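Chemist: Sequence:
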Amino acid sequence: MAAKAVFGIAKSEEQATRIVNALKEAGFSNDDVSVLLPDRAGSRDFAHEHHTKAPEGAAAGAVAGGVTAGVLGWLVGIGTIAIPGVGPLIAAGPIMAALSGAAAGGAVGTLAGALVGMGIPEYEAKQYEGKVKNGNILISVHTEDSKERNAAKEIFDRAHAEDVSSTGEARV
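If you count by the working numbering, then the sequence shown holds residues 5 to 176, one letter each, in order.
Treat the hints loosely; a few may be bogus.
Said to hold, decoys possible - Simulated crosslink set (EDC-like; lysine to aspartate or glutamate; CA at most 16 Å straight-line):
#  : residue 1 : residue 2
1  : K151      : E18
2  : K15       : D161
3  : K15       : D167
4  : K157      : D167
5  : K130      : D161
6  : K130      : E166
7  : K15       : E148
8  : K157      : D36
9  : K28       : D167
10 : K135      : D36
11 : K135      : E158
12 : K28       : E166
Stated by the list, open to error - Label-pair ranges, simulated between beta-carbon atoms:
#  : residue 1 : residue 2 : range
13 : E126      : E166      : 14 to 20 Å
14 : G89       : D167      : 16 to 22 Å
15 : G89       : S33       : 19 to 25 Å
16 : D35       : E166      : 32 to 38 Å
17 : K151      : G89       : 21 to 27 Å
18 : G31       : G89       : 22 to 28 Å
19 : S16       : D149      : 15 to 21 Å
20 : G31       : G134      : 29 to 35 Å
21 : G31       : T171      : 18 to 24 Å
22 : E166      : G123      : 17 to 23 Å
Derived from the structure by calculation, the hints contain no laboratory data. What you are looking at is a predicted structure, and each value in this text was computed from that prediction instead of being measured. Glycine included, every Cβ here is placed at the ideal spot set by N, Cα and C.
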């Protein structure tokens, strides 16, 4: 069965924290939850640091920006990345691998392109890119079955997330 993902937009760090905590409490794996947010804390310095402290730097930047270290600390693959036209971002989870691959490949070069590569239709990917660029937080849950997808959608809906959608996904 092909992997699917549920995507939604949180308008604030508080809302994102509630969503991620609810996903954790519902039993979703930290390997399956992704968070993507603008790096407003000035942790750009960490994006250029190529030592093993980059994840800690990203988490420190996120704390300064208002997202608790506990939420990002639970997720895997925390890092910072600069996306042309969008700017510096903090990413955690499977989306970090997709964005890193897109940046390294140079073929995609945009957040929307990386999201299209994850299976999101181009129109929605461009909407998500615009929302993240404007300071919103993209959260996704990667899952194999419809029961988990429905549970994730319910969590997004209860938290009043915007632009909640479910889509097929290419393996990262």
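Chemist: Run every hint past the structure and note whether it holds.
Modeler: Hint-by-hint comparison with the structure:
Distance check on the hinted pair: K151 and E18 sit about 26 Å apart at the alpha-carbon level, beyond 16 Å; violated. Restraint check: the Cα-Cα separation between K15 and D161 comes to about 13 Å, which is no more than 16 Å; the hinted pair holds. Between K15 and D167 the alpha-carbon distance is near 11 Å, which keeps this suggested pair within the 16 Å criterion. A distance of roughly 11 Å separates the Cα atoms of K157 and D167; the hinted pair therefore holds under the 16 Å criterion.
Distance hint between K130 and D161 is unfulfilled; the C-alpha atoms sit about 22 Å from each other, more than 16 Å. Restraint check for K130 and E166: satisfied, since their Cα atoms lie roughly 15 Å apart, inside the 16 Å limit. Among the hinted pairs, K15 with E148 is inconsistent with the structure: their alpha-carbon atoms are about 27 Å apart, more than 16 Å. Proposed proximity of K157 and D36 is supported: the alpha carbons are some 14 Å apart, at most 16 Å.
Distance check on the hinted pair: K28 and D167 sit about 21 Å apart at the alpha-carbon level, beyond 16 Å; violated. Restraint check for K135 and D36: the C-alpha separation of about 22 Å exceeds 16 Å, so the hint is violated. Our distance criterion of 16 Å between C-alpha atoms is broken by K135 and E158, whose separation comes to about 21 Å. In summary, the hint linking K28 to E166 is not supported, as the alpha carbons are separated by about 20 Å, beyond the 16 Å threshold.
A beta carbon spacing of about 19 Å between E126 and E166 agrees with the range 14 to 20 Å that was offered as a hint. For G89 and D167, the Cβ-Cβ distance of about 20 Å falls inside the hinted range of 16 to 22 Å, so the restraint holds. Judged by the Cβ atoms, the range 19 to 25 Å given for G89 and S33 is violated: they are separated by roughly 32 Å. Our hint of 32 to 38 Å for D35 and E166 is violated, since their Cβ atoms are close to 25 Å apart.
Range check, K151 to G89: Cβ separation about 37 Å, and the 21 to 27 Å hint is violated. The hint said 22 to 28 Å for the Cβ distance between G31 and G89, and at roughly 37 Å that hint is violated. S16 and D149 have their C-beta atoms about 30 Å apart, which leaves the hinted 15 to 21 Å range violated. In this structure the supplied range 29 to 35 Å holds for G31 paired with G134, their Cβ-Cβ distance being about 32 Å.
At about 22 Å, the CB distance of G31 to T171 agrees with the hint of 18 to 24 Å. At about 20 Å, the CB distance of E166 to G123 agrees with the hint of 17 to 23 Å.
Hints 1, 5, 7, 9, 10, 11, 12, 15, 16, 17, 18, 19 from the earlier list are contradicted by this structure; the remaining hints agree with it.
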